[in-house]
Structure formats: structure tokens, C-alpha cells
Amino acid sequence: MRATVVDVADVTKSFKIHYERHQSLKERLLHPRTGHSEEFVALKDISFKVEEGETVGILGHNGSGKSTLLKCICGVLQPTSGEIRLRGSLAALLELGAGFQLELSGRDNVYLYGTMLGFSKKRVDQIFDDIVAFSEIENFIDTPVKFYSSGMYVRLAFAVAVNVNPDILVIDEVLAVGDERFQAKCIDRIRRFQQEGRAILLVTHSADQVRALASRAIVLESGNMIANGPVAESLRIFREHLLGDTPSNVVNESHASDVHIDSITTPTGSFDVQSGASVHFDVHVTSATAYSGNFVLEIFSRAGVLVSRSDAQGAPINLRPGHNTIGIDLPNVPLLDGVFDINVGVLDPRGSNVKAWSEKVATLQVTYGGRQSGLVELDASIRQA
Amino acid sequence: MEYPSSSEAVHEGLANAPVRVMSARVKLGPRLVNLWNRRELLRNLVISDIRIKYKGSALGLLWSMLNPAFTLGIYYLVFSVVLKNGYPNYVIFLFSGLVLWNMFQNAVFAATGVIVDRAGLVKKVSFPREILPLASVGSAVIYFLIQICVLVIFLFVFHHAPEWNMIEILPITFANVYLFAATVSVVMAAFTVYMRDLKHLMEVLLQLWFWMSPVVYSYSNSLATQLGTHHIKLLYFMNPMALLVLTFQRTFYVATSVKSTIDGHVIHMLPTWAPSSFLYLNLAMLAIMIVLFLVALTIFGRLEGNFESEL
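Quick mapping for you: the protein sequence lines, in order, are chains A and B.
Heads up: the first sequence at position 197 corresponds to 197 in our numbering, and the numbers run straight through without jumps.
Heads up: take any position in the second sequence, counting from 1, add 1000, and you land on our numbering.
Think of the hints as simulated: they come from the structure by calculation, not from any bench.
Among these hints, one or two may not hold up.
Stated by the list, open to error - Label-pair ranges, simulated between beta-carbon atoms:
id, chain 1, residue 1, chain 2, residue 2, range
1, B, Leu1201, A, Arg181, 51 to 61 Å
2, A, Ala288, B, Arg1302, 52 to 62 Å
3, B, Met1065, A, Phe40, 47 to 57 Å
4, B, Ala1119, A, Ala288, 46 to 56 Å
5, A, Asp10, B, Pro1018, 19 to 29 Å
6, B, Pro1018, A, Asn224, 30 to 40 Å
7, B, Lys1053, A, Ser373, 58 to 68 Å
8, B, Arg1302, A, Glu38, 41 to 51 Å
9, B, Met1065, A, Phe147, 23 to 33 Å
10, B, Ala1119, A, Gly314, 41 to 51 Å
11, B, Ala1119, A, Glu38, 51 to 61 Å
12, A, His260, B, Ala1119, 28 to 38 Å
13, B, Pro1018, A, Gly369, 32 to 42 Å
Stated by the list, open to error - Mimicking DSS-like on lysine-lysine, the simulated pairs with C-alpha atoms at most 25 Å apart in a straight line are:
id, chain 1, residue 1, chain 2, residue 2
14, A, Lys146, B, Lys1027
15, B, Lys1123, A, Lys146
16, B, Lys1084, A, Lys121
17, B, Lys1124, A, Lys185
18, A, Lys121, B, Lys1053
19, A, Lys16, A, Lys44
20, B, Lys1053, A, Lys16
21, B, Lys1027, B, Lys1124
22, B, Lys1055, A, Lys146
23, B, Lys1199, A, Lys121
24, B, Lys1124, A, Lys49
25, B, Lys1123, A, Lys44
26, B, Lys1053, B, Lys1124
27, A, Lys44, B, Lys1124
28, A, Lys146, B, Lys1053
From a predicted model like this one, the values you see are computed outputs, not experimental measurements.
Backbone N, C-alpha and C fix where the C-beta goes; we use that ideal spot for every residue, glycine too.
Using the sequences provided together with the hints, build the complete structure.
Structure follows, in C-alpha cells:
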């Protein structure tokens, strides 16, 4: 049986927003009860569980409460009501290097940060070399961290957090650190964590990351949990709420749900395609009003890797009221054999707002007879120069 | 993708792992257990605290001795040489009280602003927050131990024997001053988050507090009679530092009455209480201090819930 490692039960967190902050004694004495404050509820009755080995994505826009939830789980914040039960050790990557002391050397900071995350000196001793190797700053480990570049700083912090091998790893938007090679290394390490059966909580507003890494996703919207389920389902709800919840910059646009993606078909009726062959899709879209926007096609591998995202390339799609058909031509499909998921969507012309989205609207079955392996066919010719 | 399939990396089940609960209020029991579990962090914070303090200074840790030595020198000059108080072995008398006072002052002074100063950490990393002020107290303990060594050297140099019957009380006195400093530190650190003035107020308050403790002057010679006639002896001893300083002076300075170095008349330096009285008083205070410390942790627990939004 797999144990529940994170059990969030009816957690509510509210903050007092001070409009005037009286923080000095004089101000407090002069204005004992003025400086009105307002209660702001950042999280409302959130409940969910995470089991060993699960990777759960927590999605939400800025201000949806996802960081607050994470801070509650990590113990930085205490919930106003409800409780969170944790089993096993936890390491959080909330802000990399927040615990570092600038004057101290990298070595001292590794020990300080390690113990701050709750691990013993003995454990840090054991993994010290791994940490240094992972962070790639061997030559500077005895230099005070104030002389580090920001990249080195962040790499060292990340290296500590992942190498202490916590039972629960919490990651908050920090995968954007370092160069691409280091990022790949981080993703690699996260996958290893998954294989070892550790639980991961991944907070992000990137649907791609969730799709690539998570087995389940939770969607937060102004403090409420509006979805908790399989990634595809949660992403659909996340996208739908992108529509319903119109940010201030698109107030005057027609309401989103008047555009709807009905289905996707092929002339042959089959989504099986030979690698290198051409394929044509018809996307059937119903619109209540005339609408001019952008159209997006995404192709994902079954492992959740985005193979390609393409759009109408500046030429707007003009939807008429009623039924519309949008044609997509893919000449010489360069995919190798495998199953690929197709997402399509209608976006506003700036591409910042989703009008309609259909997740996994079809699966493309590609067969390939050649000798290449991987995702795409390359026209590589290899010979001795 | 290929992964090393090392068996040691395979994650063991967690079904029997202990459960940690985060809720609105952490009870005192779990709070103490949590503190104990994180003692290694406390140790590391103390070490890094001391390292940072003397980083880049040529004399380093020697400053923790030089600093009180200068203070000692100034007080000696003013009170013994200029004002001619006539206390024999005044340096020993001064030093035995000053080590104790320094520990208290260093701890409280450093701890008062520590949560505010380390806001970046408090807002981002989870650990029992009371460890920060306790680490300030821990650093003060280290300086205290160094100064105690210097005091012992002084005793050798001046051929001045301590009161051996009192030595066994010192650990209790030390526990008292530790707990008292920790109590004040933990409470002040938490309140300063809400009222930043406390940091400045504390500076002034500590000066007043210093002169209300019998470090520089002799309690029996300067104050006891007046306090007695006004019936405010008890009030004076409401300051725990008073008894603790007297215990240290009685142990290291020993003599309760001495002959003035100026005119040879008898000066009552210290109360003539028996060592057993000091023992019982210190034990009673220990009980009070333990309660106060637990109360301080409870207060801290009430206040820490909003640290994140106040910092």
C-alpha cells in the first residue's frame, strides 16, 4: 500500500491587508485602532492528498493562491484553519538560495542550508561530494558565496535541495534556473525522483511542465480548488477558466464561450499516418458571433513532450457565426512511429487569451519503417569527411 | 532515458514514517520536540553567526575578549582610580559580574532584531523560527565561555581563590541566565516584527537594566540599606540579573566584607548569605525560569503566524 505523504485537510488561509501600516511604536500609540485592514482569503477549504511516488502539478494564475498553498505545506506559513499532515522529509525549492549567508563559503552554506532543510550533518557529509559535483562549482566551493555569479548561487542551492533526497520535493517555478543544460539536468533528476517513488509537488503556471512531469494536477482559482484529477482533465479546466476569467486587458471582448471546438476529422476518417506522408485535418468550430483570432495546433508525444506548436502565422482566422471548418495541412509528417496527442485552440489575435481549447482532441498514430529512432525524422547524412 | 538502477537509491516505504502536522497553532509539546530535533541547525547557526561576526577582522575571536577587557579597563579607571571606591581586587569583582551581564546583553541585543534581519530566510524556508533568537543566545554563550576562561586566568594571576562551596551552584546560575536571556530574546524577537521601535527601545532599556544590576557597584555597600529603609528590596530582586550577578560575585570575589584600600574602614561588599541560601534561591529561580521560557515559546507561537505578512 502506498502511504499518503501529504494530507491537506480543509486548509484556509486568510491575511489581513493593511492599508496603512503602523509599525513603529509612535504610530501604534497615535493610531491605536485606525489604519483599517481587510481580510483577504487566499485559500478556501483546500483538501487533497498526495501519495508516495506521485507527481502533482499545482496550476493557477498569479494570485490564485498556489504559492500560499505551497508555503503552508512547507511550513513557512501556518494555515488559519485546517491542518496539513506530512510524512517523511520535505525539501522545498521556494526561492533558491534564500538561506545562504553571503559571507560564508559555499561549503559552509551547504551545511547550513542542509540543516535548515532539516537534514543531519551526517547526511550532508555523505552527499557533500554529490552536491558539489551536481552544482559544478568544485573550484569555488571554498569561496564566499558573495563572489558567486547568480547562476552558481542558484545551482548550488538546487544541488543541495535535490541531493538530500527528500521524501517530498516541493518545487515552485524554479525550473527556469541556469542554462538549458542545467535545466535538462534538473528535469532529469526530477524524473529519477519519480522513479524512486518520491512525491513531488510542482507549482507552475506552465501547462507544458505539468504535462511533461506530473501524473495529476490541481488547479487553483482565487483560493478555490477547481480541479483535482488527471493532467489532461485538469488542464482542460485550467484553460476553460482562462476563458471565463477575463483579465482586465480584454474586458470588451465578446464572452469566450461563444467559440467552441466541436471535433476534428480527416478526409479518410483515420488518424493513422505513414511517416513522411501528408495529412489533412478539418477542425469544426462553432461560433456564436463573428470572431477574428489566431489558431493553434499542438502535437505532444505520449511522454508529454511538446513536439511542435504552430499557429496561423499572423494570418487571422475569421470565424463566421455558426459552423466553420478550419483546414490544417501537414505535408510530409516528419514524426517517427508513436502515438501523438493533438491539441487545438482558438486564441485572441495577440495570443494572450484562449477563446476555445480542446485538449487531446485526436491521437495521431504514426507508423515508420525506417531505421531512425526518436521523435522526428531528420534528413541526416553521416559520412566520413 | 536511461537511469542508474542502483539499489541504494530505491526509496523505502514511508508507511511507518512519523507524521508532522502543520496547523494554526503548534502546541508546546510538539514545539519543544521540534526544537530538539533541529538542534543541529541551532549549532550551525551559532557557528555561522560567530564566523560572520569576525569574518575579515585580523584579530577575529580575540575581539570577544578585547571588547570586555576595554569595558573592564574603563570601569576600573573611572570607579577605582578616579572615584576611588576603595574596593580591593576591584577587577575581579567587576569581571565576575560583567561576564554574566555581557552574556545576557549580547544575547538579547542580537536576538531582538534577528527575525526582522533574516526576513528573507523566514519568508522562504521552513524551520522553527524560535531557533533564530536561540542561536543569538547560543553565540552569546560561546563568548561567555571564552570570557569565563579569561576570568579563570585572572584568578590565577591575582592568586585569588574562588569560594569552592559555591562552585556547584554555578551550573544552575548559568542555566538561569541562559533561560532568562532565551526568554527575553524569544519574546523580543517576535514583538519586534510587529513594532520595529523595540530594537531601539531595547538599546536604551539594556543600559538602564545594566545599572539596575549590581555589576559595577557593590549591592551591599551602595544599595542594601536604602532599599531596606524603603522596603523595596523585593522590587530590586524582581530583576533576575541581580541575584545571578550576586551569585557570580560571591563565587569569584568571595569576600563579603573587605577593608577599603583608601582609608582601611570595613566595606560590606556582598550579602552574607550562606552558600546554601544561594543554592535554594537559584533553584527557586530555575523553576520560575523554566516556566517563563515555556511561556515565551507559547507567546512566540501565537505571534509567528503572521510573520510572513508583516515582514
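A quick look at each hint next to the structure:
Restraint check, leucine 1201(B) to arginine 181(A): a C-beta distance of roughly 53 Å satisfies the suggested window 51 to 61 Å. At about 55 Å, the CB distance of alanine 288(A) to arginine 1302(B) agrees with the hint of 52 to 62 Å. With their beta carbons about 52 Å apart, methionine 1065(B) and phenylalanine 40(A) fall inside the hinted range of 47 to 57 Å. With their beta carbons about 51 Å apart, alanine 1119(B) and alanine 288(A) fall inside the hinted range of 46 to 56 Å.
Taking the beta carbon of each, aspartate 10(A) and proline 1018(B) are about 22 Å apart, inside 19 to 29 Å as hinted. Take proline 1018(B) and asparagine 224(A): their Cβ atoms lie about 31 Å apart, and the range 30 to 40 Å holds. Look at lysine 1053(B) against serine 373(A): about 59 Å separates their beta carbons, and that is inside 58 to 68 Å. Roughly 22 Å separates the CB atoms of arginine 1302(B) and glutamate 38(A), a value that falls outside the hinted 41 to 51 Å.
The supplied range of 23 to 33 Å is met by methionine 1065(B) and phenylalanine 147(A), whose beta-carbon atoms lie about 31 Å from each other. Between alanine 1119(B) and glycine 314(A) the Cβ separation comes to about 47 Å, which falls inside the hinted range of 41 to 51 Å. Hint check: alanine 1119(B) to glutamate 38(A), Cβ distance near 23 Å, so the stated range 51 to 61 Å is violated. Look at histidine 260(A) against alanine 1119(B): about 49 Å separates their beta carbons, and that is not inside 28 to 38 Å.
For proline 1018(B) paired with glycine 369(A), a C-beta distance near 56 Å fails the hint of 32 to 42 Å. About 39 Å separates the Cα atoms of lysine 146(A) and lysine 1027(B), which puts this hinted pair outside 25 Å; it is violated. In summary, the hint linking lysine 1123(B) to lysine 146(A) is supported, as the alpha carbons are separated by about 21 Å, within the 25 Å threshold. Between the alpha carbons of lysine 1084(B) and lysine 121(A) the distance comes to roughly 54 Å, so the proposed pair goes past 25 Å and is violated.
At most 25 Å may separate the alpha-carbon atoms for a hinted pair to count; lysine 1124(B) and lysine 185(A) meet this at roughly 24 Å. Proximity of lysine 121(A) to lysine 1053(B) is assessed by CA-CA distance (about 22 Å); at most 25 Å being required, the pair is judged to hold. Restraint check for lysine 16(A) and lysine 44(A): the C-alpha separation of about 15 Å stays at or below 25 Å, so the hint holds. A hinted pair counts as satisfied when its Cα atoms are at most 25 Å apart, and lysine 1053(B) with lysine 16(A) does not qualify at roughly 36 Å.
Among the hinted pairs, lysine 1027(B) with lysine 1124(B) is consistent with the structure: their alpha-carbon atoms are about 23 Å apart, no more than 25 Å. Between lysine 1055(B) and lysine 146(A) the alpha-carbon distance is near 13 Å, which keeps this suggested pair within the 25 Å criterion. With a C-alpha separation of about 33 Å, the suggested pairing of lysine 1199(B) with lysine 121(A) is violated against the 25 Å cut-off. With a C-alpha separation of about 23 Å, the suggested pairing of lysine 1124(B) with lysine 49(A) holds against the 25 Å cut-off.
Proposed proximity of lysine 1123(B) and lysine 44(A) is supported: the alpha carbons are some 21 Å apart, at most 25 Å. Distance restraint check for lysine 1053(B) and lysine 1124(B): the Cα-Cα separation of roughly 23 Å lies within the 25 Å cut-off, and the hinted pair is therefore satisfied. Of the supplied pair hints, the one linking lysine 44(A) and lysine 1124(B) holds, its CA atoms being roughly 22 Å apart against a limit of 25 Å. This hinted pair checks out: lysine 146(A) and lysine 1053(B) have alpha carbons roughly 15 Å apart, not beyond 25 Å.
Taken one by one, the earlier hints fail for this structure at numbers 8, 11, 12, 13, 14, 16, 20, 23, listed in ascending order.
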